[in-house]
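Chemist: So the protein sequences, as listed, match chains A and B.
1 is the number of the first residue of the first sequence in my numbering; add one for each residue after it.
1 is the number of the first residue of the second sequence in my numbering; add one for each residue after it.
Simulated from the structure, these hints should not be mistaken for lab results.
Computed from a predicted model, the values in this text were never measured in an experiment.
Be careful, since some hints might not be right.
Here chain B is said to cover these stretches of chain A; the calculated rule only asks that three of the stretch's residues, wherever they fall, bring their Cβ under 8 Å from a Cβ of chain B [stated by the list, open to error]: (1) 352 to 358; (2) 393 to 399; (3) 626 to 634.
Quick reminder that beta carbons are idealized off the backbone N, C-alpha and C, glycines included.
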Amino acid sequence: MSATSVTAHAHVDHAAHHDLGFVRTYIFSTDHKMIARQFLFLGLSMMIVGGLLALVVRWQLAWPETAVPGLSNILKETDGILEPSTYNMAFTMHATIMIFFVIMPILAGAFGNFCIPLMIGARDMAFPFLNMLSFWVTGSAGVIMLSGFFVEGGHAAAGWTSYAPLSAVPSYTGVNWGQNIWCISLFIMGVGSMMGSINYITTIINMRAPGMRLFRMPLVVWSLFITAILLLLALPVLTSGVAMLLFDRTLGTNWFRPSGGGEPLLWQHLFWYFGHPEVYILILPAMGIASEILPVFCRKPIFGYHAMAFSMIAIAFLSWVVYGHHMFVSGMSPALGMAFTVTTMIIAVPSAIKTFNWLGTMWGARMQFTVPMLNALAFVSMFVIGGLSGIFMASTPVDIYIQDTYFIVAHIHYVVFGGSIFGAFAAIYYWFPKMFGRLTSPFLGHVHFWGTFVFFNLTFFPMHIIGVGGQMRRIYNPMQYEFLQHQQPWNVLITASALCLGLVQIPFVLNFFASLFGWRAGWFRVLAHAVGALVAGATILVFFSSLGYGKVLFGIVGLVVAVVVFAVSRRDTAGCGEKAPLNPWNSNTLEWTAPSPPPHLNWGATIPTVYRGPYEYSSPESKEDFLPQNVPPVGAAGARRH
Amino acid sequence: MLDWWLPENVSTYGQEIDWLFHLIYYITGVTFILVFGTMLAFIVMYRDRPGRKARYTHGNTTLEIVWTVVPALILVILTLLSVPAWSKIKMTMPETDFAVQVTAKQFNWQVTYPGPDGKFGTADDKTLLDEMHVPVNKIVRVHLRSQDVIHSFFVPQFRMKQDAVPGREIRQWFEATKPGKYELPCAELCGFGHSGMRGWIYVHTADEYAKWAAENLTAAAAPAAEATPAAKNEAPGKAEPKKEGKAKK
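Same shape as in the complex, but just chain B (with noise of 0.2 Å):
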């Protein structure tokens, strides 16, 4: 049954989500076998029997304060125990000096890295086409863009997810803890490529992205051919829709 479950966890804050999940869990599952016990109880106690005459009751004030009162007390408690992760997660950003642009179109993840200048938008950008290399251990910073239409930035084994809007960069954290090649899907329908339109993430100890690095990002590196952001407005991608719509510009 473990295998049918949440993925590995790779991420910092991966965590405080997974712990929140499970919190939950326990909580929703409690609940569920008392209702349905307490309902398959009186289901079976209070059928109709000859003989059997129903209580003629409208009500119990009390009972009805008690069942208000318990449940808001445990949303107010749970609602409580999310803010601190949301915060973490989504409203501040950790200091760092890695940033990778992702910019999304249909159906691919630009991924750009600033070059030495470190800046982006410069000649020395270096941008890679549906794959993300990153150290272990190291907080990246990513801005992302789309540039037609909205499209979600999933990483399952981070507890990761941004909806990437057209017309402005959003931007996120994520803190991989673990070396390993993890899949990037879009989670949100952009198209008929929507499916498939996935990217892969590389965690690399930090020796082996040195590497990678010198080998790919540095050194005018090979003219970046493919997927430039220059191919900017020319809307659908790869794939061409199988019957063209009056398309209009």
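Pulled out of the complex, with its shape left as it was, chain A reads as follows (with noise of 0.2 Å):
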């Protein structure tokens, strides 16, 4: 099959889906690509406001009870001031947002939606109704849970484990029908992600094109494949757990109130069974974009594809057995603690053995140091810290002491940051231009990047040293604790940092959306140079506050950001929204044989038949440095396994 006749055929396909109008195109969509995007937008969106809500608890740590810049008009009774109620709301919805609403949404629903049916080969999903259902039932769920913030007494406030029986009763926490919110939401989430799943399951079971055996598959496709399993078995559990938290706060029911012969553990023993299969789907995706990422832009096949594919299969299974290290100082019985060290020690080699299989795939490479390389490699290495600061954890006696501090909370967001949103990134940059047609600037991207990666670290790895200090995590101000005050200088750097962290996400959002609109567009060059204004007029005001050295380094990162923004809108492209080829990356996998951006169905006449695995780079099979998955073998060479 010629790629000309692939684009003619689009062609037409093309037209027909425009016949459909705008609502069953934009809105209410069963098209695969049109609900990633939409599942895209929905995980960017709700990442500013996540990231926001970070600052506000990050500001709150470094310089206690002083009022937050730009609060002052909602928290009107404080005068900007953050109360320890708003405070503990504030980092509770930081992490429902960021785990449900960002990552759930962008890795398993956009990128799932994207990768499947174009990587294996299929027209689209199974069930294209189902999916758009789940898109719709998502995307209310995540507007019911903001609805919570304007409900009296605000949004849930008992952390996003919501340990009964602080969330079962409302006096306890203040938080009435915030609270009952969180569960609602939840709870259709868990809706909306059981249909996406059995869709992805059943899509991957029976709808590969011709020759795509399970083992040619693509590893982020059997990535979302366990993700989705564990989507099907692990959402429910939660499902169950937030309803029953919903009865015991509305219709007098007791499964976690003490008072009324409930058991307070049963909540996190629900929880954690969901909880940790829920980690493992915030990084499953994530290990598998890395591991489609490198190979192309190292020009080398994946190093152990197998062994990649079942140490996936591995930590799925084992996911199920060690929820119990969460519990190991709740008053679980310590015998069990024992059992769940064991299993978690043992879930960590699977992890090994894909760390040491991506340095493989490194090992005699020729890398290009793309965007989408730079993230999948920041993933890899970030990962790894996480990795090993978990078995500070696994290791039951050191738990007790670490249990609860701030090396959780770096732990949590070297795996779930440093893994899932640098892994998400790459993704977006990887595929943006198959996804919308459009190439993104490279320049943007790099800018992007590197100040993500540094700000990331200078943010999240001193948590560790505050944390072996003893820091615990969710206190609303250090400083009323003897033992942490001369920890307090860790607190503004990491504030200040985690500040610039945010202003660097600014070249990202300029990056997608010049290049979705194209540069050229004289009102987004009009709005580009508005927001470069107001970083830079807001960097100063801040640059002359007088709250030490903190506020310096956001100064500058801030000038420097304003001055990228003016220096980029300057040029006449900056690269962005130039329209993309067939195949930018020179990859091999299905996707890339589809136009940019693929039309209704996909492909036209006839789907691509595949005859070998996905990683065929610089074979000495073919005279180029790839070797398409469709491309039909020449001669006795092409019987060869992979």
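Assembly of the complex is requested from the two constituent chains, each provided in isolation within its own frame, with the hints serving as guidance.
Modeler: Here it is, written out as structure tokens:
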């Protein structure tokens, strides 16, 4: 099948696509690619909310009980100063939003939807209508979750783990409807995720293109397959858990309230039985994305393809029997703790295998340091740190001390930000040309990557140190404790870096929209200048305020970002928004054989046939350094397994 | 830099935790250096240069077996080394005649001494708020309870942490090795007053403790007016919630 015939058919289909009308094309679409874009926008816009909440939390920790800039209009009663109850709400909602409405929609929702059909050679998902429903159910859950900020008593404030009975009795937190809305929203989100996961599993099992055997599937499809199985089996436990919690709160049941014969630890068992697989739901797709991007830009096959697939399967199975390591000091039987320590140590082995295989992929490579590659390399290295810090907690005696300190906060952020978010950025830069048919600016991509990488580490690495010093998580003011006061300079550094981490996301937003709408659009350039001027103005204000060296760091980075915005917008196109070719990265997998962006039903009259595995880079069979999965083999060499 | 590390350890089993912590610290530190060193070396050596061709290989079974077995062995050894300390700290209760009952509530630690009869729940009990006095080099048994939500009894210098769960009593122990005044923060989110829920543990020499006990615990001591367990079920404690939710009892 030639490329020209594909485009010819595509044009026909493209026209048909538009006949559906605006609503069916852009809003209630059953096209997996449009649903993927919808999930991506949902995740990215919620990321702004979640990120700002994190900055509010950090401000309080560095400069306790001072007015948070910009909040004096929202927190009128206290003139912008965070109260303990508001602070608890902020960190609770930061985690809830980031986990359920940022990472899950972006990694599983957007890239699951985009990659699965395109990479296995299917025209769409198995159940397109269910797919549409899945997005709208998840989106409604997001809106319901946001509505909780506006109810009397504020939003949920019992932590994203919402341990009962704190969460089960309104008077313990002073939050009434906020926590109920939290439960309802997660219940609905659970239903939406179930629809998605059934769809993913069915599609992968039934709808692979001819020749696409299970062990010829790209590793990102493997990771999404396993993620979908975990979603299908883990989320319903949370869904029933939050229903029980809601009943305790509103109907007077006593599942978790000891005063009526309930058991507080039951909530923790249910929550972590979901919660630990959830961690792998967040990280497995990122692992798959890294395994996908590394071979492309190393120009060589992935090292140990089968080991990579089997280690993900092993992680998925083991993730059900390690959850108790969240509960070592909860009052659960210590003998059970010992059993969970064994399984927890075992689950580190497949993660180690994966890391070494990524290193093996880099061995003897011809590395091209594109923006997606840099993000994938950051994923690998940050995941290593997150994995190694996990060993401290796996050892039960050490966990007695480490539990509930900032060491844990550092660990989860190295895994979930350093892992999942870098994976998400890698995926966005890598598939953007296919998803939107436009190229992004490498310059802005590099600015964004290096800024994020540096300030991510400056933000989260010191958290290990203050955690070892004993600083508890979820405290409102570390200065209330004598044994923590000498660590306060670290808290200031962390907050200043976190603010800078927020600032360096501006080039990303700019890059994303400039590439989407085209830099030449006059209104866009005006908008970009306005953002630049706003950042510069705010920065100068902060620069001249009198709050120590943290502000100075923030001021310098702010000015740099503003300069970048102006400098880039002076160029003609800045590389943003140029039309993407069919296969900009010279990749092997099937999505790059469809037009950019792929039309409705993805390919023309025929879907591609698969002849080999996905990672045949620098193969001696081919004159070029890549050999797409759908290119028929020449002669007998084609009988080879890979 | 030493300032920014583990706080001073003043309990018997704290040494074992610190030893394991440092063991893991060195193992992970070496692993970190090896992995990052290799990665950086590869990034420099195998960067794209004109004329460079990537090595066409799909893996190496021997290598893969080695890097599966070696981490597995290290982790098994770490598990085995963790077991004795864990069973000593959490699974065994050494003999002692010194017991205190700690009942957590929003947002205080209520520390009850059994009084001369040695039994809790009798009239001669004496309850202190947010302070605990114990003699040095004496095994102290803590009967941990909570009357509202989950709290966590955390003494950084003792390397001791245990959640207090409403509806059950959890028994823990410690033995302090150095007199002094140590902070007792709550380590589990317990509501808007979580931050600042903090008590003090005073570790006295044997003589000083006897003196303190004679003055404060015996002799039909002054009536324990504040914060007797009678305050039970009077949820939220001192500070009132800013915005009252519809409390239901």
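Chemist: Hint by hint, which ones does this structure get wrong, listed from lowest number up?
Modeler: 3
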